[in-house]
Amino acid sequence: MTLNLAPMVDVLMCLIIFFLLASKLVTAEHFPVKLPWAVAAREVETHDLGARVTINVRRADGADEHAEYVVVDWTGRDIAERVLQPGELVGLLRSRAARAAAENQPVRCVIRADEDVQYQHVETVLRACGLAKVGNIVFSVNKGSQPEAASVMPLGVEGGG
Amino acid sequence: MRRFEPARDFAPNLAPMVDVIMVLLVFFLLGASLNLVKQGVLQTELDPRSGPGGGAAVEVNPRIRIALRAAGDAQGAGVEPDAPRILLMDDALPENTFESLRSVLLEKRRAGADPDNMVVIGADTTVRWRYVVSAMDAAVQAGFKNVQFAVSFRAEDAAER
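Residue numbers (my numbering), protein chains in the order written: chain A, 1 to 161; chain B, 1001 to 1161.
The hints are simulated quantities; they were obtained by calculation from the structure and are not laboratory data.
Only a predicted model underlies this, so the values are computations on that prediction, with no experimental measurement involved.
There's no promise every hint is true.
[As the list claims (entries may be wrong)] With a straight-line cut-off of 27 Å between C-alpha atoms, the simulated BS3-like cross-links for lysine-lysine are:
#1 A:K143 <-> A:K34
#2 B:K1108 <-> A:K34
#3 B:K1145 <-> B:K1108
#4 A:K143 <-> B:K1145
#5 B:K1108 <-> A:K143
#6 A:K133 <-> B:K1145
Just chain A, with the same shape it has in the complex (with noise of 0.2 Å):
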């Protein structure tokens, strides 16, 4: 006798479907940035944000006097990366304040920010949502102290005798 194998086969694919679907989700609000360490970051699910508008910022091109903006969104098909020039920063943030406003919300921008980044360009999303009139602004970061510089040595570097 054996076991009757299809049921699970059913299960196990719907498992599947939805594990692949959710990390696509997740990678949404976890876009890779190296983000900077601070020790008195509160620590909140990301559902109690709310409304929101993430914007990552990142150098470009390995110059520091260039950023890109990054915005992972819903585009109607997928959700694919959109890189924002600065000018499109405050449309984009009055559409979304717009857009929560009609549904009786706050909207907050939440800003993750390369720690290698200059300040200029964290102030450039500072300054469109000043004009854009989202008040309420979130930094991402690591909880925690920075690690050790000895820590985050170049692997491949040996003492050799």
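With the hints as your guide, set chain B onto chain A.
Just chain B now, kept in the frame of chain A:
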């Protein structure tokens, strides 16, 4: 004459398929949860007067003003080369570290400073974001709840207002 006769009760062996699906399931499950590194947030409010309608730049006179000035390499050894000079109310700290900033701010709190006092952080445009976060971290650790950023509005923003 013998004809090919399909098996009556043909059942494919599903066991290997279950194995494969299980592996996929574990992969996506871990893929979804490994992304979830502990993240925290630091929160701030933009000054409502800084938005449109605020007109010209407002004079804010905070009780505590932290300035981060890009220092170049005019600092002693043992300091990170791009660390900024930290000024508290335009005065240098006993030591140019965020640890020192934190203890000075804690001292102010012990001396009776109101935790609702506004702390304004102003940074040079070239200061790296992690130092700005460290300054904010120091203020929040010292117990100040109202940490804000000085954002300068530029001429080209006037059209957006």
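Hints that the structure is at odds with (numbers, increasing):
2
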